[in-house]
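Trainee: Sequence:
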Amino acid sequence: MGLLLQDDVFADFFNIFLNLSVFGQTPLYISGTGRWYLWPELPSHLDPSPAALLAWLEKHRLPHFCKSSLCLHLVLCQKLLAELLNWQSADQWLLERCISGSHGMRHFCTFVRGTAGEELIDFWLITERLLGLDESDGSQRDLFLSLVHRLRATHLREGSSIVTLCTTITGSLPKARHIQSISTRRDILSKMQEQALFIIQSYWLPKFFVHCKMGMEEEESCQPLLQEYQERLSGACWQEPPGLSEPLPTMHIKRSQGVPGPYCSQKAKAEIWALVKEGRDTQELKMATFQVKPEKQPGPAGSTEELCLDKDALGSIPQQSEHPANTSSANPPPFGGRGGVTFPGRPQSSAEQDPENLFKEKVVSDLLPSASLARLPSLKKPVKTLDFLPWALRGEACAGRPFREFLQRQNRPMETHLLDLWHDLEEFLPVVLDSNRENSFFLRHLMGEKICKTYLEEDSIEKLPLETRTLVSLWNHLICGEFSPWIFRAQKEICKVLCGLYEEFLADDDRTFLQF
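Each residue of the sequence shown is one higher than the one before, starting from 1 at the first, in the UniProt record's numbering.
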């Protein structure tokens, strides 16, 4: 764990993962100082150990990260920057500062939104997830087949961007559906994935690079970076200035400020959600009373939201996230003042801000958009777990499904089934509401039919502790691939069933953390 955190790009993505809303303890690591900030803080009488914290992370967080959408984006980020042919070293240096880390990847995915580049990235991420599964493993087979069906309904349909652009092997596609050999299917998909990555690197990365340079030229704060870039570009043999290879700081944990009462992440989450409510209510009050335009929120480097927008295990960027919509423009300006985002000189996480104000800024600016208007609790009521459970479950979808794993360990098959239904409905919503997606008609029908057959068949309905009217109404709309407000009703009923178990999940996470 300590070696992994020496990589700034990994540390950036991992920081975002650690702060997903499903988890109880959400630590932040600042690589520049080697300091950890715990949230909730430990009681003051406990002496925190960095070695014990790393052991806990390695056992109870890292395995989930490896199954998360954020990990897929980390791998894509690393591959995009690897083996850049015909790029000058100075251009590669500047590109790394444009795209390295979650902040840069978020900009890049926003830049290609609505273009064939978005389809190429989505296909690469889905295929990467699929090729990492073992089709012969019964526990992975359902997910494997689900991803295969999704590819067939979207990217592998005749006329799709992927079939059109990956011209070198499309002749194999019509037969691919009937090939029985697992190795042959995997070989075809792997070759297509390589072709997609090549197109992204050779066409979309250069376009993004030019876009970034043009944006930096108009930003005064970017002039020192551009000056160094010009020096590297003109220098025949650039040498790093002395003092850059300083030893890594000693890892340590910020001491507690004397938190009253016992350690309890559930209480801490309630406090954060109260802050979310307060922030939203204040903003809406200003808009309604004074007609004041909301401030442009600076997107902190490493924002959790955008990278988690897609709520399935694939990790395709929404959309998300971890966590959603920044802008609908395909080519938004990625720099402060025009796009509301500051340009980072190196990969960094939102933890680089003042840590004391981090949570207040992060919650209001990043996590709030992912909270459905219909589900925001009233300010007049005390915060309960049920109020913020939808927020937590959206984080769970991007975190490798730790709550689901907890339910399985507790031998709760019905509740696990309900949780899967909640996530499938959540994944269905952006598809059915976005007609601009490539082959969205086929995808929403595929997803609607899958939900009906998996959860709403006559023999399955009797096992679900939801109102019959809700289930029947869902069937009537989803079987036709249609949107229905009954989706929200069903999710609300599911949350009522899962609320107590989520509290147990948090309590279990607290006990494990304190033991370490």
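Since the hints were made in silico from the structure, they are not lab data.
Glycine included, each C-beta is placed from N, C-alpha and C at the ideal position.
Accuracy of the hints is not assured; some may be wrong.
[Said to hold, decoys possible] Below, simulated DSS-like cross-link-like pairs (lysine-lysine); rule was C-alpha separation at most 25 angstroms, straight line:
1. 79 to 207
2. 191 to 213
3. 213 to 79
4. 450 to 384
[To be verified] Derived Cβ-Cβ restraints for the label pairs, each shown as a range:
5. 85 to 441: 51 to 61 angstroms
6. 59 to 34: 41 to 51 angstroms
7. 472 to 52: 50 to 60 angstroms
8. 83 to 8: 34 to 44 angstroms
9. 436 to 247: 49 to 59 angstroms
10. 482 to 157: 31 to 41 angstroms
11. 450 to 138: 37 to 47 angstroms
12. 198 to 485: 19 to 29 angstroms
Trainee: Hint by hint, say whether it matches the structure.
Mentor: Outcome of the hint check:
1. 79 to 207: Between residue 79 and residue 207 the Cα gap is close to 17 angstroms, so the pair holds against 25 angstroms.
2. 191 to 213: The given pair, whose Cα atoms are some 32 angstroms apart, is violated under the 25 angstroms limit.
3. 213 to 79: The given pair, whose Cα atoms are some 22 angstroms apart, holds under the 25 angstroms limit.
4. 450 to 384: At roughly 33 angstroms apart (the allowed maximum being 25 angstroms), residue 384 and residue 450 break the hint.
5. 85 to 441: 51 to 61 angstroms: At 38 angstroms between Cβs, range violated.
6. 59 to 34: 41 to 51 angstroms: violated, 21 angstroms
7. 472 to 52: 50 to 60 angstroms: holds, 52 angstroms
8. 83 to 8: 34 to 44 angstroms: The hint (34 to 44 angstroms, Cβ to Cβ) is violated, given that residue 83 and residue 8 are roughly 20 angstroms apart.
9. 436 to 247: 49 to 59 angstroms: With a Cβ separation near 51 angstroms, residue 436 and residue 247 satisfy 49 to 59 angstroms, so the hint holds.
10. 482 to 157: 31 to 41 angstroms: With Cβ atoms ~21 angstroms apart, the hint is violated.
11. 450 to 138: 37 to 47 angstroms: violated, 19 angstroms
12. 198 to 485: 19 to 29 angstroms: Given about 44 angstroms between the Cβ atoms, the range is violated.
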